[in-house]
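One line per chain: the protein sequences are A and B, in this order. Residue 1 is where the first sequence starts when you use the numbering used here, and the numbers rise one by one after that. Residue 1 is where the second sequence starts when you use the numbering used here, and the numbers rise one by one after that.
If you are wondering where the hints come from, they were derived from the structure by calculation, not from laboratory data. Each residue gets a CB set at the ideal place from its N, CA and C atoms; glycine is no exception. Mixed in with the good hints, there may be bad ones.
Stated by the list, open to error - Partial list, derived from the structure: chain B residues whose beta carbon lies under 7 Å from chain A:
(1) V177
(2) E178
(3) E180
(4) A181
(5) T184
(6) L185
(7) G186
(8) A187
(9) H191
(10) V196
(11) P199
Listed here are the chains, written in short residue letters.
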Amino acid sequence: MPTLSRDALAAATDSAHGFGIRIEGVEQDFGSYPALRDVSLDIAPGELVALLGPSGSGKTTLLRVIAGLNTPDRGAVYFGDEHATNLSVQERRVGFVFQNYALFKHMTVADNIAFGLKARPRRSRPSRVAIYQRVTELLELVQLEGLGERYPAQLSGGQRQRVALARALAIEPRVLLLDEPFGALDARVRKDLRRWLREIHKKTGLTTVFVTHDQDEAMELADRVVVLNQGRIEQVGPPEELYDHPASPFVISFVGEAVALPVKVVDGHVEFGGRELHVDTHGLRDGAARVFFRPADIAIGGQGVGDLEGRVESLRRTAGGVRATIAIDGYDQTLEIDSALSSGAKLGGRIPLSFSNARIFPSDPISDSEFKEAGDGI
Amino acid sequence: MSEATPARSHTNVRTEAPATRLTLILVAVVFLALFLLAPLGVVFTQALQKGFGAFAKALADDDAVAAIKLTLLVAAIAVPVNLLFGLAASWSIAKFSFPGKSLLITLIDLPFSVSPVVSGLVYVLVFGSQGVFGDWLAAHDIEIIFAVPGIVLATIFVTFPFIARELIPLMQEQGTVEEEAALTLGASGFHTFVAVTLPNIKWGLLYGLLLCNARAMGEFGAVSVVSGHIRGLTNTIPLQVEILYNEYNSVAAFALAALLASLALVTLGLKTFLEWRHADALTGRARRRH
Numbered sequence: 001m002p003t004l005s006r007d008a009l010a011a012a013t014d015s016a017h018g019f020g021i022r023i024e025g026v027e028q029d030f031g032s033y034p035a036l037r038d039v040s041l042d043i044a045p046g047e048l049v050a051l052l053g054p055s056g057s058g059k060t061t062l063l064r065v066i067a068g069l070n071t072p073d074r075g076a077v078y079f080g081d082e083h084a085t086n087l088s089v090q091e092r093r094v095g096f097v098f099q100n101y102a103l104f105k106h107m108t109v110a111d112n113i114a115f116g117l118k119a120r121p122r123r124s125r126p127s128r129v130a131i132y133q134r135v136t137e138l139l140e141l142v143q144l145e146g147l148g149e150r151y152p153a154q155l156s157g158g159q160r161q162r163v164a165l166a167r168a169l170a171i172e173p174r175v176l177l178l179d180e181p182f183g184a185l186d187a188r189v190r191k192d193l194r195r196w197l198r199e200i201h202k203k204t205g206l207t208t209v210f211v212t213h214d215q216d217e218a219m220e221l222a223d224r225v226v227v228l229n230q231g232r233i234e235q236v237g238p239p240e241e242l243y244d245h246p247a248s249p250f251v252i253s254f255v256g257e258a259v260a261l262p263v264k265v266v267d268g269h270v271e272f273g274g275r276e277l278h279v280d281t282h283g284l285r286d287g288a289a290r291v292f293f294r295p296a297d298i299a300i301g302g303q304g305v306g307d308l309e310g311r312v313e314s315l316r317r318t319a320g321g322v323r324a325t326i327a328i329d330g331y332d333q334t335l336e337i338d339s340a341l342s343s344g345a346k347l348g349g350r351i352p353l354s355f356s357n358a359r360i361f362p363s364d365p366i367s368d369s370e371f372k373e374a375g376d377g378i
Numbered sequence: 001m002s003e004a005t006p007a008r009s010h011t012n013v014r015t016e017a018p019a020t021r022l023t024l025i026l027v028a029v030v031f032l033a034l035f036l037l038a039p040l041g042v043v044f045t046q047a048l049q050k051g052f053g054a055f056a057k058a059l060a061d062d063d064a065v066a067a068i069k070l071t072l073l074v075a076a077i078a079v080p081v082n083l084l085f086g087l088a089a090s091w092s093i094a095k096f097s098f099p100g101k102s103l104l105i106t107l108i109d110l111p112f113s114v115s116p117v118v119s120g121l122v123y124v125l126v127f128g129s130q131g132v133f134g135d136w137l138a139a140h141d142i143e144i145i146f147a148v149p150g151i152v153l154a155t156i157f158v159t160f161p162f163i164a165r166e167l168i169p170l171m172q173e174q175g176t177v178e179e180e181a182a183l184t185l186g187a188s189g190f191h192t193f194v195a196v197t198l199p200n201i202k203w204g205l206l207y208g209l210l211l212c213n214a215r216a217m218g219e220f221g222a223v224s225v226v227s228g229h230i231r232g233l234t235n236t237i238p239l240q241v242e243i244l245y246n247e248y249n250s251v252a253a254f255a256l257a258a259l260l261a262s263l264a265l266v267t268l269g270l271k272t273f274l275e276w277r278h279a280d281a282l283t284g285r286a287r288r289r290h
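With the hints as constraints, model all of the structure from the sequences given.
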């Protein structure tokens, strides 16, 4: 995708916009189903934040609460220092890009982009010339010069997405909100648009929040990621923190793959299938627990902290070594492990396994079922 | 070869033998000619059987003119009222969820499922001199039954599903997302309706208006019960046709009938035209969805 014209950007956003978003104790119920449960979040001015979670986690509901499209049952939303909870959608002046773009199909691209400016009350409405000028600048910004007279049906998915963004930027929004911005696009276009969105964000300085169920997208784009599950925030942090210091079993399972061994803590020791695992319990109380680690942190035949054994189910040659499918004793799923040719893995043979960077969480039935559901959704 | 076999069996399933095809088409055409075209032709030939002069004279008759005026008046009231009702009902059904929504959808269909005579009778029982509000209306000197207001009310009742029925599926399919987009862009509710909602439903709305109007002008049963058949005062065109016919004044009866039939033909023509335009929009939507 070509780079953006700086002039166009400068025109699109008159200055760096410095509105932070503060969400305090927001709750929303849909009938008996709680969509948001005591959600509090601080988003710094100019930050690019991803709301990540499986479907039904409340991420879109939270975005709509920020936009004023949903009214929360409890809690407050602030834009900067302004209490925005009681402001109408129109008064909030948010740029909202809908999941399927929601372009006005009976209007041309140019009319779509001009809609927000033309809809203003007469005294604050720009002149026709000014509106035309702004539409031209925005078309340039989203690299759709010359397509102003087309109708949305005549555009590709990626182009429609950019029209939706231009339309949202036209009203000089205080914050930019995007609902699954790349969900409906194919992989190639998605990659281009991701890079392009980050570029626009960098240059406009708009506080931007986007919703996604795709962890790669969240990790690649966002300054900070908010992981939501069943209406609650599980963890907020920069991508590397979610990878390296996941705060809950849900986060470790949802963000990247993880092996979850059901273990027992007895007298400060971790037991798995009659063996003792060398995992620091961090003072965990005795009882059922789970040990999590990444498949990438497992090695064959090492002398690490781990002490597992498994059977080689299948073996395939790869360019640099072998890929073995291994059934760990006492664990109901198989793992794929890449290792060197010299690892000594033989089909049907038993091999020792070691793992590192393990984390242990107490096993409670509710959160167990939660992360299992999330794991299925990946 | 293995690929050609399923393809051939596919066309075999869909293609009938020529004889079967011919028979089916013939049955449909003959049926149409016998039951639809022949009567329509009869209406016009009967109307013109004593020449165009007699036809014109029948239409210029005072009672006929009064009937035509009344019919136009009734349609001019009933159609806008049902336009408002239809928009309100379909908007609330398609865009909000509220308790009793499915009941409302069912109730909208009531005039379709109930006999028009019953609808007329209901109004007599409510507003007639022996009816629920009879005494109160008499005391305030308000005439509804056997007067124009009764005819208007009965017509509104009979025709109110047309516009709502047309709009509800259309609006449900379109959802609320374009309206939400307009709101986030700062548009007021009214501006959103005029600039976003209305253009999206305009063809369906026009189609519903046409059907509603055709029925409003042609309604017989319900209107017959509440009208009282006072010549020159409470007779609409369909009622006037019946009276003339019963008096063996067939030229006059068929002249008015021809007028109604022409209205039907014009409506049909407009409807076909709109469907053709509408179909464009519909396939456009379908194309985007797939």
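Against the structure, the hints come out as follows:
no., hint, result
1, V177, "holds (4 Å)"
2, E178, "holds (5 Å)"
3, E180, "holds (6 Å)"
4, A181, "holds (4 Å)"
5, T184, "holds (4 Å)"
6, L185, "holds (3 Å)"
7, G186, "holds (5 Å)"
8, A187, "holds (4 Å)"
9, H191, "holds (5 Å)"
10, V196, "holds (6 Å)"
11, P199, "holds (4 Å)"
Against the hints set out earlier in the document, no violation occurs for any number.
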